[in-house]
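Novice: As given, the protein sequences belong to chains A and B, one line each in that order.
Just so we're aligned: the first sequence equals residues 73 to 540 in my numbering.
Just so we're aligned: the second sequence equals residues 839 to 1241 in my numbering.
No lab work stands behind these hints, which were simulated from the structure alone.
The structure displayed is predicted, hence computed values, not measured ones.
For every residue, glycine included, the Cβ atom is placed at its ideal position computed from N, Cα and C.
It cannot be assumed that every hint is accurate.
Pulled a few chain A residues facing chain B out of the computed Cβ check, cut under 10 Å [claimed, not checked]:
| hint | residue |
| --- | --- |
| 1 | His365 |
| 2 | Leu368 |
| 3 | Ile470 |
| 4 | Leu487 |
| 5 | His488 |
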Amino acid sequence: MEQIERIKGKFETPSNVVSRELKAGEARGAVLYNPDLVDDAALRAVVFALEKGEGKTLEDFVRYVLYENETEISESVNDSINSLLSGDLLLCVENDARYLVINTRSYTTRSVTEPPTETVMRGPREGFIEDLKTNLSLLERRLKTPSFAIEKLTVGRKTKTNVAVCYLADVADPRVVKKVKKRLEKIDIDGITDSHYVTPFLEENPLSLFPQVGIAEKPDVVAAKILEGRVAVAVDGSPIVVTVPFVLVEDFQSGEDYYQRSGFATFVRILRYAGLSFALLLPALYVALQNFHYTLIPVRFMITLMAAIKGLPLSPLAETLFVLLLFEVIREASVRMPRAVGMAMSIVGALVLGETAVNAGVISSPAVMVTALSSIALFTVPNLIGTSSVLRLAFTVIGGLCGLFGLILAVLFTLHYICSMNGYGAPYLAPFAPLVYSDFKDTIERAPIKELKTRPRSIPNINDTRQA
Amino acid sequence: MTNTKAQSTHNVSEETDGQITKSKQSTGAQLVVVVFILSLATKMFLLPIYLIQTAGRDGYIILSIEAVFDLVTLGILLAAIALSKDRTFFELLENVIGKIGAKITVAVIALFLFFKLNIAAAETLTFYSDNVFADFDSSVMIIVLLVFLGAVANHTLRALCRLNEFIAPVVAIGIVILITIVLATGFDFANIFPAMRDGAAFKRSLLHNVAWLGDFTPLLLFIGRTKTKKRTAGIAAAAGVIGSAVTVFFSIVMCSAFGNIPHLADSRTNISSILQFSIGNVYGRIDLLSSIFWSIAAFVETALFFYATARCVEYVIGKSAHFKIGLALCVILYFVQIFAMTDPTVFALVVSSLATSVIVSSLSLAAPVLALMCALIMKKRDKKQGNAPSDYSESTKNENYRA
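Construct all of the structure, not just a fragment, from the sequences and the given hints.
Specialist: Below is the structure:
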């Protein structure tokens, strides 16, 4: 049939799609489908219904034969090809140039499991998977309100990936929603395979070292963020959902904080803030104090330190940088390696290599201890590991070369840079700078849910009341 | 019932042509913090030493007089900020004395701010080279400071205000620790008596050490760009009084320690070195660490002066070129610092001359008074015309000056 040939002619390898001529009701017709993407049972049912059904036109089939199926009549060849490539079945009948698109899509997806990056002791264990439909249903189950809006877009010239923008229409700032949609619509790329592909398009400054969008793999976390007035962007094929506006303190919050007693959650949060500060500054302070300001070190500790570093061939800066880089190499290697080998690698790297290097007198045990402490502390805020690792190295170099003078200025420089950042009208360092007192209930402190009566004012929203 | 509002509850974003743009204003809380930082940032490093060297144990009285003078200028500036909510200092000047007059005035203020910037930078470098480092190469280390200052010039006033807001608690912690050490170790304040025994020395010192006046001058840039509430000015004034009281308190400590032996006071003499004798080094140099915390305020004050100078230069030139002007100022600052200000003799000569005193004291007062007068005149004009800022849009052809 001419309509079939028209579509097949667009394919580089027409064998990708299969066409079958059939008697559809009282008309002569043909179906076209991609055998790799269609659901066999659905295909059989549709063909059976068509052959047994009555009718001559596509409208008849929609009305009387395929009333149970999701169908759409398309006049565009390109749209029909897109549907075909998504697993839909195309039906055409003689003397009609149009196509009937019938949903027969088949998905092979993994089950909804707990994401490995956001494991919890208490709280929901569901995680997003690579199927957009499932991910949206997980959100819809949590946000049962007509104001929960899901707007779908297609991104990628070749991948035609479905992207969903989700928000609460009566909470999210319409300007934020508009900006997110505008930025997504502007994307002109051959394809996206994961939500991380759209992230740079959503960020104000993609070159920045600091993340400017929130990422989550758990529907309860994303639902909570949407409830606060944020906009979520879900991408088909990705288990990670992106949220904007984003403020830095979000990285210090964990979904589990809200399932723990508030006192304990507050304690854990303080640990996170202290941990990250410790991780960033400890090696730099160690090097700066040893190189320039040994008078600042308490005398007793100084005596112990002097004994440990006596006879070392490397300067404090070189020694610390060596240990830090060694740690980064071991971390990178163990992440990429198979799990079983990775474990052995960590043991060899951390224990054997570290111990041997200290015994050989190449590095000192205080340097290993400082790096180990700093590295453990780094993992208290997992979302910032990349940023923190780079900053830690930079601070260490500056501390080693310019002492506390350089270190203070480097920290001020970084803070000033963060202070200058704004995304979607949300100051990056809020609620610390600018001070937003009402948001402190859920920043360092995690006040009982009963007291969290307003939505965060650090991010734009049109309804800040959560509890009456 | 939920409280659904038609407008966004968020106060930092504005919509223009469907885009979310950023408000360039500072908040009232930020103004308070900036005033606090400015009031105590640099008066504790070199000024008390000069005062002790010239006025002996009465140095703290001179510092108190200077603090009061600065508080008066602060009051005038706060009044101007409260009066002119929409017009910036540059716009006020343009409206009242015309564009050319405004440019000449701003050029003079820019020179004054640059002078103050040099004093702040020199003080910070001296503190670190003489107290924190055994070997400090100013010509290299200043580059790190210049990188920070360059970054400040490239960003908005709002970013700088937020930085102030963020670091203020650290500075406050440093000060509280130092006060605690002073009080806990039973410091003897008896040495400041009897007061005013050498009237001639007192007068000479008072006339020759006024280069530290005018610390609040960068607040000129807050005019028309600060979201003030009814109580903001009062709280900011209180913050200034507290900051000044802290400096006076520590100057009393220093005067009572060195007032009778002024010849021993040099650039290594500061509150940290005095307190070290009280607490020893068993727990590390908590005193020095606290002073270093305090020095963060000096870095930020330097940044404020640099930012204010850069924006004034931009206005005078008539071009919004943050990076180029920032870079040019960094280069000039580098050479001035290296070839003049880091030399103690040249620095002393610059800050102690009578000409400096006359110029600095005049400009410290004149700039705020001018701002207040312009604000009053414009308010009167607006009242006469019966509307809110009338020629506001006309006078702000280049919106970048507001950034």
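Novice: Would you mind marking each hint as holding or not holding in the structure?
Specialist: A quick look at each hint next to the structure:
1. His365: 6 Å, holds
2. Leu368: With Cβ-Cβ at 5 Å, under 10 Å, it holds.
3. Ile470: A:Ile470 check passes; min Cβ-Cβ to chain B is 7 Å, inside 10 Å.
4. Leu487: Status holds, d = 6 Å.
5. His488: 5 Å, holds
When the structure is compared with the earlier hints, no violation turns up for any of them.
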